[in-house]
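Chemist: Going line by line, the protein sequences match chains R and Y. So for the first sequence, my numbering puts the first residue at 1; every next one is plus one. So for the second sequence, my numbering puts the first residue at 1; every next one is plus one.
There could be a bad hint or two in this list.
As the list claims (entries may be wrong) - Okay, derived cross-link-like pairs now, BS3-like style, lysine-lysine, Cα gap no bigger than 27 Å in a straight line:
#1 22(R) x 245(Y)
#2 22(R) x 32(R)
#3 245(Y) x 81(Y)
#4 81(Y) x 32(R)
Keep in mind that the hints were calculated from the coordinates and are not lab data.
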Amino acid sequence: MSESEYSVILVQSTSHALRGEKVLERAGVACKLIPVPRMLASDCGACLRVARADREAAGEALRAARVAIEGLHDI
Amino acid sequence: MTYLDNAATSWPKPEVVVDAMSHFLREVGANPGRAAHRRANESGRIVYEAREAIATLFNAPDPMRVLFSANVTQALNLAIKGLLEPGDHVVTSAIEHNAVMRPLRALEEQGVRLTVVRCSAQGCLNPVDLRAAIRDDTRLIVLNYASNVVGTLQPVAEVGRIAQRHGVPLLVDAAQAAGALPIDMQAEGIDLLAFTGHKGLYGPMGTGGLVVAPDFDLDRLRPLLQGGTGSRSEQEVQPTFAPDKYESGTLNVVGLAGLLAGVRWVQAQGVDALHGREVALTQRLIEGLLRTEGCEVYGPLDAEVQTATVSFNLRGLDCGEVGLRLDQEYGIMCRVGLHCSPAAHRTIGTFPNGTVRFGMGAMNTLEDVERALEAVQALAGESS
Numbered sequence: 001m002s003e004s005e006y007s008v009i010l011v012q013s014t015s016h017a018l019r020g021e022k023v024l025e026r027a028g029v030a031c032k033l034i035p036v037p038r039m040l041a042s043d044c045g046a047c048l049r050v051a052r053a054d055r056e057a058a059g060e061a062l063r064a065a066r067v068a069i070e071g072l073h074d075i
Numbered sequence: 001m002t003y004l005d006n007a008a009t010s011w012p013k014p015e016v017v018v019d020a021m022s023h024f025l026r027e028v029g030a031n032p033g034r035a036a037h038r039r040a041n042e043s044g045r046i047v048y049e050a051r052e053a054i055a056t057l058f059n060a061p062d063p064m065r066v067l068f069s070a071n072v073t074q075a076l077n078l079a080i081k082g083l084l085e086p087g088d089h090v091v092t093s094a095i096e097h098n099a100v101m102r103p104l105r106a107l108e109e110q111g112v113r114l115t116v117v118r119c120s121a122q123g124c125l126n127p128v129d130l131r132a133a134i135r136d137d138t139r140l141i142v143l144n145y146a147s148n149v150v151g152t153l154q155p156v157a158e159v160g161r162i163a164q165r166h167g168v169p170l171l172v173d174a175a176q177a178a179g180a181l182p183i184d185m186q187a188e189g190i191d192l193l194a195f196t197g198h199k200g201l202y203g204p205m206g207t208g209g210l211v212v213a214p215d216f217d218l219d220r221l222r223p224l225l226q227g228g229t230g231s232r233s234e235q236e237v238q239p240t241f242a243p244d245k246y247e248s249g250t251l252n253v254v255g256l257a258g259l260l261a262g263v264r265w266v267q268a269q270g271v272d273a274l275h276g277r278e279v280a281l282t283q284r285l286i287e288g289l290l291r292t293e294g295c296e297v298y299g300p301l302d303a304e305v306q307t308a309t310v311s312f313n314l315r316g317l318d319c320g321e322v323g324l325r326l327d328q329e330y331g332i333m334c335r336v337g338l339h340c341s342p343a344a345h346r347t348i349g350t351f352p353n354g355t356v357r358f359g360m361g362a363m364n365t366l367e368d369v370e371r372a373l374e375a376v377q378a379l380a381g382e383s384s
């Protein structure tokens, strides 16, 4: 059992993260826009952080809205 | 003062537009998509909301395919120059603005082949003529939704069906129509819709964009610019996904904040309701001009099949002089001349002298129209 509390969802760009934020809001999944953690990618944009318990629900909602997920990591 | 130059840019803007821009500059201000701090995110949310509002307005399913630009001219250049290559054939109409004609003529010099389909003297394209112009090597059809000179609406849905049947993408210049009429990209078969923010959407100048249909292959559309996008920063090559592929450099977010407020304002009023009001004003204007001795009115002369833009001339008077006197003596602001549309003026028979153009908008009233008609009648009476 991992001790991490959050999962981070990487998407193509900040534009997509902002779309993702709206999609998750509509799906009732709490999320926060955070800078992409350096250990996950060298990008300078934003990604979505959700509670680890919401990881699957978030992934599902994003896929349903055709927001391409580039990575899903527990942190 | 009576402002009748809404076909050039709408004015005044709704207060909510001014407030949204002021709020952005005072309270937000950050660069969207370049960082993830609270103000950057707030700025990014405004841009995203604007994408969604535009997509909803035109019934485009994917807000990520709303590609922002500085105006409709840039959006048209992106579509035209991003798609066509030497040897390709493109079809357009004889009622287009120079925002379409000049990029096409420039490409013609580089080996793109162009067919300009004639229109009626009222400025209307016959879809049969358009269909006859399509060839095996036709790669694009470009058509305005409504004329900026005479307001004539084109049979876009019918052209959309023809384009789909022949597998040719349809690019529509919606500069004069966006916000003024209901536009449904899916129902009308529009693959690429170029719009401007500062006319019927009641946003500020410096906003516009290209909306791309979900099934259109973006690999075919080359960006006009490369540069920073805030994404894929480890790479020195341009991202391949929308909207980043087409939005290098910092966007005009203060403008987009105004555009978002403008689109929401239009939607709150209702496009149909705004259109209905403009039809009433247009019908009254056309009737009054037709009753004016020595006044020649151009276009369909039917408010139901045109926008609230009406062109006319007074016998014996230069349109420039009419415009000057309307402004100086009657406080009526309009636009005279060729309206950046030599092709359209050739089509309606007013090249090279041009016309006087009254462009009405959501803020105009019947009193404005009556005041304008009185002034035109007075000028006509002097010259007859």
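Chemist: Please go over all the hints and tell whether each is borne out by the structure.
Modeler: Each hint tested on the structure:
A hinted pair counts as satisfied when its Cα atoms are at most 27 Å apart, and residue 22(R) with residue 245(Y) qualifies at roughly 22 Å. Straight-line distance between C-alpha atoms of residue 22(R) and residue 32(R) comes to about 11 Å, which keeps the hinted pair within the 27 Å bound. For the suggested pair residue 245(Y) and residue 81(Y), the alpha carbons sit about 15 Å apart, so the restraint of at most 27 Å is met. Between residue 81(Y) and residue 32(R), the direct Cα distance comes to roughly 39 Å. Violation of the 27 Å bound is thereby established for this hinted pair.
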